Amino acid sequence: MAKEVTKLIHQYLRHDKKFPHVWCPGCGNGIVLGALIRAIDSLAIEKDDIVLISGIGCSGRMTVYVDCNTLHTTHGRALTFATGVKLVKPALSVIVIMGDGDATAIGGNHFIHAARRNLDLTAIIINNQIYGMTGGQYSPTTPYGSFAETALYGHIEHPFSIAELAVTAGASFVARGTVYHARLLDELIAKGIRRRGFSVVEVMSHCHVQYGRRNRMADPVTMMKWLRDSAVRIEKAEKMTPEALTDRFTIGVLADVEKPVYTEEYEKIRQEAKRRPIG
Amino acid sequence: MTGKKVKARRFIQGNEAIVEGALAAGCRFFAGYPITPASEIGEMFSRRLPELDGTFIQMEDEIASMGAVIGASLAGAKAMTATSGPGFSLLQENLGFACIAEVPCVVVNVMRGGASTGLPTHPSQGDVMQARWGTHGDHPIIVLAVSTVLECFEITVKAFNFSERYRVPVIVLSDEMVAHTREILVLPDASDIEVTDRKPPSRPPEWYIPYEDNSRGVPSMAAFGDGYRYHVTGLVHDVRGFPTERPEEIEAFTTRLFRKVTQGFNEIQLTKSLFLDDADVVVIAYGSVARSAKRAVIEARQQGVRAGLLQLVTLFPFPRKQVEPIMRRCRTTIVPEMNIGQMSREVKRVNPGPCRVVKHNRVDGGAITPAEILERILTA
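As given, the protein sequences belong to chains A and B, one line each in that order. Numbered by our numbering, the letters in the first sequence go through residues 1 to 279 in order. Numbered by our numbering, the letters in the second sequence go through residues 1 to 380 in order.
Be aware that one or more of the hints could be misleading.
Said to hold, decoys possible - Subject to a maximum C-alpha distance of 16 Å in a straight line, what follows is the list of computed EDC-like cross-link-like pairs (lysine to aspartate or glutamate):
1. A:K274 <-> B:E251
2. A:K47 <-> B:E206
3. A:K47 <-> B:D226
To be verified - Each pair of labels, with its calculated beta carbon distance range:
4. A:Q11 <-> B:D189: 35 to 41 Å
5. B:P204 <-> A:K268: 56 to 62 Å
6. B:V195 <-> A:S42: 32 to 38 Å
7. A:Q11 <-> B:F258: 21 to 27 Å
8. A:D219 <-> B:E248: 35 to 41 Å
9. A:P260 <-> B:D189: 38 to 44 Å
10. A:I9 <-> B:T121: 56 to 62 Å
11. A:A237 <-> B:E248: 53 to 59 Å
By construction, these hints were calculated from the structure, which means they are not laboratory data. Every value quoted in this text rests on a predicted model; they were computed, and no experiment measured them. Glycine included, C-beta positions come from ideal geometry on N, C-alpha and C.
Only chain A is shown next, with the shape it has when bound in the complex (with noise of 0.2 Å):
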């Protein structure tokens, strides 16, 4: 077992890149980066025919380990600069990584459109429910009532649920996994990036520096199990109540149809502007 660990990191992570890494010791990014790697390892693409995108934050950072093509950008706009990538190249993965704040506040725009169109991209948003590079500050998805930094009094707002939003907005695939179900992850993520169209992959992740810290959950243990409590798989939720589901969410597939790919539309417009051109 370890050693097929070693062997994975010594083929996808970054020789030249000098650890230690960013982040904190516990960080549920580490098992989303296992996962990614355990997922495109048995998809067996080659290294030089992914695309690995990321915005900003703890989740961003995630790109500069990992020996593919990477590109960190602005906040919230990876979709954008992925949507360039795929559209000049559809033949290469493009996977981008994001936080619940990157994607769904600065990004949200952006995250509904790359849903409409269908854009043969997987996007894996680790919602961690809190702003944790920038210190804890809330996000649209801290839930209400929690505690952050930008509200000590206690939060007003709440939360969206990603998925579900994703679904709405047109995603092809849609499923929802946590970094305490990491082989679950390895699945979920492997589906997205082999399903064609547009994937989302949302990853229900922990804070515990800066979210748990203020809410009563200080260290990943604690924040772990809370995900295991709180996580209902999607077969079981469908035969409970509302009552029995409050303060949980759902993990496993919510979303799998077959829709047209955007690039494959706009390859058929290149055919009738070859063949009728209006100039």
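Following the hints, complete the assembly by docking chain B onto the known chain A.
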């Protein structure tokens, strides 16, 4: 039949000539958002690009457009966007990313009356300083201004060439008048157009250092998917592209970024001269105002006044080498602008001596006429 090739003659507006120039330069990606008076550029790209196996996409805003342009360029395409004031303000952050990550791209700003929503259907030159310093932080950038439909074609080709050669974003400043004026444009043969492409790496991937310095200060550039797996970031980075906070690495990076453009001043700083050899009064103008200035200078000469015109095609880096000697020789310079006085500040900055700088500014949404400039020349 003499066998001479018939060149394509088109009667088109400035906006369309920009598209023709871009396509001639090899541009095959456009992402943009509709905005008056630039919308025709995107519209024409949407018709022409698919036929050439290129891509047009209308993004959800100008911020997204700039992001897509950068992604496309990193994937190997020559890419551009076109907008006006409000959109130009929006895309500044990503423009700065292109500057620091050294991503070739062209941004067209068809200037309209500002600030804010301003005067959407009137020309102005109000975004000149913004073009140089609109995005935060110290950054190099090239800004060109067009005054005719022909220049819309030629300067857009130049913009792409500079962008590829120096790995720097190039802003093309047009205005509502040049954009919507129709003139005859004789399209050159493709063989007559000089096109520059970014230099690909000369080393294999194992030895590739993405942001390595060299004599020109411009690193070679691999496209995503070509086998060179490197890191691109908006953080200040070392030669490998990895974020750094070491003072010596930050300094080396920043100085190289500016040095690469400074070393190219001779090539980059484009101006056009008319009657400058013995000029006593020199009009320094750019954009559509340069056309009125040309008429005024010709008329002044006919009246026996030793007037001359220096048209700035390159606004930034400011062509000090051309402007300073002129200011040494002449008595007065007149700087007519459709703004409150932006390039006049640069002219004053490089004034080596007692040359008088006369501003002529119009901010009422109207164009500066030859008569106004002639009046200034005669009373100089």
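Hints, verified against the model:
Of the pairs offered as hints, the one joining K274 of chain A and E251 of chain B is violated, with about 50 Å between alpha carbons and a cut-off of 16 Å exceeded. Taking the CA atoms of K47 of chain A and E206 of chain B, the gap is near 14 Å; set against the 16 Å cutoff, the hint holds. With a C-alpha separation of about 11 Å, the suggested pairing of K47 of chain A with D226 of chain B holds against the 16 Å cut-off. A beta carbon spacing of about 51 Å between Q11 of chain A and D189 of chain B contradicts the range 35 to 41 Å that was offered as a hint.
Our hint of 56 to 62 Å for P204 of chain B and K268 of chain A is violated, since their Cβ atoms are close to 38 Å apart. Taken as a hint, the range 32 to 38 Å is violated for the pair V195 of chain B and S42 of chain A, whose Cβ atoms sit roughly 44 Å apart. As the Cβ distance of Q11 of chain A to F258 of chain B is approximately 39 Å, the hint placing it in 21 to 27 Å is violated. At roughly 39 Å, the beta-carbon separation of D219 of chain A and E248 of chain B lies within the given 35 to 41 Å, and the hint holds.
A C-beta distance of roughly 40 Å is found between P260 of chain A and D189 of chain B, which places it inside the suggested range of 38 to 44 Å. Checked against the hint of 56 to 62 Å, the C-beta distance between I9 of chain A and T121 of chain B comes to roughly 60 Å, which is consistent with it. In this structure the supplied range 53 to 59 Å holds for A237 of chain A paired with E248 of chain B, their Cβ-Cβ distance being about 56 Å.
The structure fails hints 1, 4, 5, 6, 7 (numbered hints given earlier, in ascending order).
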